[in-house]
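Novice: Fit chain F to the supplied structure of chain E, relying on the hints for placement.
So the sequence lines, in the order shown, correspond to chains E and F.
Heads up, the first sequence is in this note's numbering, so the first residue is 1 and it goes up one at a time.
Heads up, the second sequence is in this note's numbering, so the first residue is 112 and it goes up one at a time.
Mixed in with the good hints, there may be bad ones.
Heads up, incomplete: computed chain F residues facing chain E, CB under 7 Å, no partners named [what the hints assert, rightly or not]:
(1) GLY152
(2) PHE197
(3) ALA211
Over the 12 Å line for every Cβ pair with chain E, so calculated as not near, a few chain F residues [claimed, not checked]:
(4) PRO119
(5) GLY163
(6) GLU178
(7) ARG179
(8) TYR184
(9) PRO219
Reference excerpt, derived from the structure (chain F facing chain E, CB under 7 Å, subset only) [to be verified]:
(10) LEU154
(11) PHE209
(12) GLY210
(13) GLY212
Hints listed in this document are in silico derivations from the structure and should not be mistaken for laboratory results.
The beta-carbon is built from N, C-alpha and C at its ideal position, and this holds for glycine as well.
The primary structure of each chain is shown beneath.
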Amino acid sequence: DAGVTQSPTHLIKTRGQHVTLRCSPISGHKSVSWYQQVLGQGPQFIFQYYEKEERGRGNFPDRFSARQFPNYSSELNVNALLLGDSALYLCASGMMSYEQYFGPGTRLTVT
Amino acid sequence: GIQVEQSPPDLILQEGANSTLRCNFSDSVNNLQWFHQNPWGQLINLFYIPSGTKQNGRLSATTVATERYSLLYISSSQTTDSGVYFCAVGGGVNDMRFGAGTRLTVKP
Chain E
1 DAGVTQSPTH LIKTRGQHVT LRCSPISGHK SVSWYQQVLG QGPQFIFQYY
51 EKEERGRGNF PDRFSARQFP NYSSELNVNA LLLGDSALYL CASGMMSYEQ
101 YFGPGTRLTV T
Chain F
112 GIQVEQSPPD LILQEGANST LRCNFSDSVN NLQWFHQNPW GQLINLFYIP
162 SGTKQNGRLS ATTVATERYS LLYISSSQTT DSGVYFCAVG GGVNDMRFGA
212 GTRLTVKP
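Same shape as in the complex, but just chain E (with noise of 0.2 Å):
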């Protein structure tokens, strides 16, 4: 079974710019979470997605948007880029409450 695949695997960027990253979860799999891993420290939450619902939201300002199609595959989109928002973006999948799945993530560089 194929895992989490995420798109692309690296991005650079310039301020200002907007930027779409996409996942796709593993068959079967409703939920679909965001994560921001900056250099050094643990990934933050960003959103939850599960049945194409929003559930849940990190501490991340509006810039930020997500949204969850009718195959459950995903999209983080992220406007007005800022230098601090180089980060590698961590998509994971799962079913409610039980074992989540990492994708290999999108390293984003903002210049």
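Specialist: Below, chain F alone, put in the same frame as chain E:
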């Protein structure tokens, strides 16, 4: 929100040694997982263990939910065990809270 503390922050071992990593959390949880993050950033699932004890080869884990801590044991460590180990806990909405990690270095 739930606070997660991991100790020690750094651990250096000789190959073949045993180690214990600890995770303390501040509230009751529905989900607790241990991960190993490889050098490319991939989080590898080690254990899903909200309570009880599990073993997988040289690794084992114990969670005492009533006392709000979990332990990860690594026996006969190998250089390939090097990396960062994370404990993550989840409440009702499944927004998992991660600790700061334990960076393990195993020397040959």
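Novice: For ARG179 (chain F), is the shortest beta carbon distance to chain E beyond 12 Å?
Specialist: holds (18 Å)
Novice: Let's test the interface hint: is any C-beta of chain E closer than 7 Å to that of PHE197 (chain F)?
Specialist: Holds - the Cβ of PHE197 (chain F) comes within 7 Å of chain E, reaching about 6 Å at its closest.
Novice: Report holds if the minimum CB distance from TYR184 (chain F) to chain E is greater than 12 Å, and violated otherwise.
Specialist: holds (20 Å)
Novice: Does the CB of GLY212 (chain F) sit less than 7 Å away from some CB of chain E?
Specialist: holds (6 Å)
Novice: Per the CB criterion, is ALA211 (chain F) less than 7 Å away from chain E?
Specialist: holds (5 Å)
Novice: Does the CB of PHE209 (chain F) sit less than 7 Å away from some CB of chain E?
Specialist: holds (3 Å)
Novice: Checking a non-interface call: every C-beta of chain E should be farther than 12 Å from the C-beta of PRO119 (chain F). Is that right?
Specialist: Nearest chain E Cβ is 15 Å from PRO119 (chain F), so the label holds.
Novice: Closer than 7 Å between Cβ atoms is the bar; does GLY210 (chain F) clear it against chain E? Give me holds or violated.
Specialist: Holds, because the Cβ-Cβ distance from GLY210 (chain F) to chain E comes to roughly 6 Å (cut-off 7 Å).
Novice: Does the claim that GLY163 (chain F) lies off the interface hold, with its Cβ farther than 12 Å from every Cβ of chain E?
Specialist: holds (14 Å)
Novice: Hint check: is the beta carbon of GLY152 (chain F) less than 7 Å from a beta carbon of chain E?
Specialist: holds (5 Å)
Novice: Are all beta-carbon distances from GLU178 (chain F) to chain E longer than 12 Å?
Specialist: holds (21 Å)
Novice: In terms of Cβ atoms, is chain E entirely out of 12 Å range of PRO219 (chain F)?
Specialist: Per Cβ check, PRO219 (chain F) is outside 12 Å of chain E; nearest 25 Å; holds.
Going through the hint list in order, the structure satisfies each hint without exception.
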